[in-house]
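Going by the working numbering, the sequence shown opens with residue 105, and the numbers climb by one from there.
To be clear, the hints were calculated from the coordinates, so they are not data collected in a lab. Do not take every clue at face value.
Listed next, with one range per pair, are the computed distances between beta-carbon atoms [to be verified]:
1. H190 with K220: 16 to 26 Å
2. G110 with S188: 17 to 27 Å
3. N156 with W198: 38 to 48 Å
4. R121 with D194: 33 to 43 Å
5. R121 with M224: 44 to 54 Å
6. E215 with K120: 22 to 32 Å
Pairs of lysine to aspartate or glutamate residues, derived as DMTMM-like cross-links and limited to a Cα-Cα distance of at most 25 Å, are as follows [unchecked claim]:
7. K212 with D194
8. K120 with D163
9. K212 with E191
10. K174 with E215
11. K120 with D145
Computed from a predicted model, the values in this text were never measured in an experiment. Cβ atoms here follow ideal geometry from the backbone N, Cα and C, with glycine treated the same way.
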Amino acid sequence: MYLSIGGAGVAVIDLKRLATLGMLATSPQEAGNAIRAIFQDQRGTIWMGGWNDGIALFDSRTPLPSFQSKYTVEDGLPDNSIRSFHEDGDGTVWVGTRYGGIARLSGKRFEPISMKDGLMSNTI
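Could you build all of it, start to finish, from the sequences and the hints given here?
Listed below in C-alpha cells is the structure:
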C-alpha cells in the first residue's frame with residue numbers, strides 16, 4: 105500500500121505485517137513532496153504526481169519501489185501540478201493537471217490537450 109504523507113513523500117506499507125517498508129521520494133535529490141495522485145499501470149510501473157513537481161516513475165518489482173525517471177513540462181507536460189492518472193484500453197497513460205488540461209504519453213513525450221483543443225476547462 106502507498107500512502108502520501110503531506111510533504112514527506114510516500115510511505116510504503118506492508119498490510120500483512122502492518123509494517124512500514126520505507127519512504128519514497130519523488131526525485132533522488134528530494135526527501136519528499138506532497139503527492140496527490142498515485143497510479144500503477146498495466147506494466148507495474150508506479151506513477152506519482154503532486155504539487156508542482158511533475159511525475160515520478162517507480163519500478164515496483166521490489167518491496168520498496170525504486171525511482172526510475174521523472175517527467176516535467178520539459179517533457180511536454182502542460183503543468184507540473186498533477187491531479188489524476190488514467191490508462192485507457194490501448195495502454196496509453198493520460199494525466200490530468202491543475203491548470204494545463206490533460207496530456208497523453210506518446211513515446212517519451214506528452215501531448216497536451218487544453219481548452220484551445222475543445223476541453224471545457226484546463227483545471228482537471
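Outcome of the hint check:
One distance hint, 16 to 26 Å for the beta-carbon pair H190 and K220, holds here, with the actual separation near 21 Å. Remark: the range hint 17 to 27 Å for G110 to S188 is upheld by a beta-carbon distance near 19 Å. At roughly 20 Å, the beta-carbon separation of N156 and W198 lies outside the given 38 to 48 Å, and the hint is violated. Range check, R121 to D194: about 37 Å between beta-carbon atoms, so the 33 to 43 Å window is met.
A C-beta distance of roughly 46 Å is found between R121 and M224, which places it inside the suggested range of 44 to 54 Å. Hint check: E215 to K120, Cβ distance near 40 Å, so the stated range 22 to 32 Å is violated. At roughly 16 Å between alpha-carbon atoms, K212 and D194 fall within 25 Å of each other, so this suggested pair holds. Proximity of K120 to D163 is assessed by CA-CA distance (about 21 Å); at most 25 Å being required, the pair is judged to hold.
At roughly 16 Å between alpha-carbon atoms, K212 and E191 fall within 25 Å of each other, so this suggested pair holds. For the proposed pair K174 and E215, the alpha carbon gap of about 16 Å is at most 25 Å, so the pair holds. For the hint pairing K120 with D145, the CA-to-CA distance comes to about 23 Å; that is within 25 Å, so the pair holds.
Violated hints for the displayed structure, listed by number in ascending order: 3, 6.
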